[in-house]
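Participant: Taken in order, these protein sequences are the chains called A and B. The end of the first sequence is residue 375 by my numbering, with every number in the run present. The end of the second sequence is residue 322 by my numbering, with every number in the run present.
Calculated directly from the structure, the hints in this document are not laboratory data. Fair warning: there could be bad hints in the mix.
[To be verified] Non-contacting residues of chain A with respect to chain B, defined by C-beta distances greater than 10 Å in every case (computed):
(1) L27
(2) L61
(3) T65
(4) L153
(5) Y169
(6) I236
(7) A239
(8) R367
[As the list claims (entries may be wrong)] On the chain B side, residues computed to face chain A include the following (Cβ under 7 Å):
(9) L56
(10) V58
(11) I234
(12) E241
Since the structure is predicted, the reported quantities are computational estimates derived from the model, not experimental observations. For each residue, glycine too, the CB sits at the ideal point set by N, CA and C.
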Amino acid sequence: MSIADNASVKQQEPFKSLSGSSLSFGLAGWLLCLLTPVMLLLGLSVGPVSMDMQQLFQVLLHLFTDTSSLDPAMAGLQTIVADIRLPRTLLAWIVGAGLAISGAAMQGLFRNPLADPSIIGVTSGASLGASIAVVIIGSSISASEQWGGLSILVLGAFVGGLLAVLTVYRLSTGSSDHFSSSSTSVATMLLVGIAITALAGAGNSLLAYMSDNETMRRISLWNMGGLDAASQPRVILAACIIVPAVFLLMRFSRQLDAMLLGESEARHLGVDVQRIKWSLVVIVAFAVASSVALAGVIGFVGLVVPHMLRMVIGPGHRRLLPYSALAGGLMLVAADIVARVILSPAEMPVGVITAILGAPLFIILLRQRRDYGMY
Amino acid sequence: MFLIKPLAKLFYALLIASQFLVINALAEDVLTKETLAKDALATTTIIDDMGVPVNLSVPAKRLVVLGPNLVESLYEIGAGEYILAASEYSDYPEAAKTIARVASHNIINFEEIVSLAPDLVMVWQSGFGVDAITKLRSLGLKVYASEPHTLDDIEDLLRDMGYLTGLLDGAELASARYRQKLNQLQADYSHKETVSVFYQVWQEPMQTLNGDHVMNDAIELCGGKNVFAALPEIAPRVSVESVIGANPKFIFSSGSNSQGISELAHWQRWSMIAAVQNQQVHFLQVDSLVRHAPRILEGAQQLCELLEQSRLTQKDRVMASE
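Kindly generate the complete structure, drawing on both the sequences and the hints.
Facilitator: Structure representation (structure tokens):
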């Protein structure tokens, strides 16, 4: 334990001049904690049906009470907030948090700044699963047939994502290592992940090629990501899978700090490297597969949010992981608000917004910290 | 995806390279035909929907047709037997099913088309894209691009087809038949009390069509008003909340199979929408409503009848409550 502590201290040394000051850490923390409720409230108050602050306040007061006591107009507004905006905002928050913390964990595990949650093949696997559901199953039964608010599409994506990760993990685990009977090479996992991503992408393209125009457009729209299908069952599912995953990932901060030194160094520091790899991959797979299944492919959050935070608060995972979760949630809620307002009453795919909002911010930060490195 | 793109590019490059041989041979052929035609007949010039003039010295009798709607329309004017090859999904009328296929919705067999040496290629623009049309033209083929936005445009399409194929009588007959039916529907329904309408393309992601789509024209013909007609995109994504905000009195979806019915079920949760409250959420089991061909009026008629029914139930309800 103390050794691992040591490691994390060692980690921060090169960063001391940049971000070690408690001011920027405190400021970032306060800012995130302050902005989160503001953004969540904004998420509830903005939409095509206009509503003033007083009405919103009244609706929020009666959010979980019986609507029959309200007059019809207020009851309508309450349904809109409770059944549309609340699930949507919460889903954005949870998915954003899950993607960002998964990204931080994957970047730490792979010691690669380009790593993001999709690196282990989960996103493309989920896309393929969804496409298969839409094309093959969808032609016999409706792809949107609801089972408690969850469609075949959601199930297909979830199963596809998990299967892809399992394949990647199995293929990159062998017994060639001298230290243990079976070990996973992180570099191999990275490459197998790329191969599986390519393969699943090819499968996706093949399905798009074989399917008719409508189905293809549907797949491509779904792949752009969107939170407009948010519903209470989906939020509950997200809360049951992604939220525990977020908290579980936070427990790996010391081990991830040690891993930054290098795998063998971490092993010498007493970290069970193989177990960490397996656990992280499994947790991230569950978190990301369900987020893709529930909200489509949302890029950028998982890649960029952890980097932005590293630039501000340094690479120590004890802070990086929870802050990534907070910032990721914040960013996706904000992006979703923009997505529904900018073309209202039409919707913009949220994945487009995250990139448009995130990329300039990221570049500004990068230019301020030209010497930014991950470790 | 990352793997397939370079492969596709390579394939594409090979495809183009291989075609140069064919085109060269063909270009000479076209040249001689043009010079021959000059002293024979005055050329027919039709401006297509891309604004490009299509010159034909003699009526086209050998056609390649990309777009099921165009195939249908050609049969309507009696030019069905001129079709050498067509695209997938050309399934109406029955005879169209046996036509050779040279394209699916996203891939066109350019080589096959060139080797058929058609007098004219007719292409549904939004179905196959401007790029494909440009490519066909660059291969020395005469191309008529069609992009009907309104119900009136379909009448023009039939007339254009008549000029292009020389079947003026057949086209006149078909367009008169179409015009008469359109006028009839217009007289019967378009002056009726306006009903606000939401058309759902599909549920997830929820999409509708704006005012530029021929569907909008069909809705207006029936005396309906598309609540999202003013949106800039042709097939905009909308949310349940935007539909609640628009509060349509009539919600519908259409398709050739009954799959779409289940995609409408979710509306039952939103009883604040007038259409849901009055049970005016409908599925039209027709494929003709989304085909830009004369048969679209069959679908439009069904829509008009449903809308009329909805007006009547509305009145009944008002009377009952009084």
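Participant: Hints the structure violates: just list their numbers, smallest first.
Facilitator: Violated hints (numbers, rising): 4, 9, 10, 11; every other hint is consistent with the structure.
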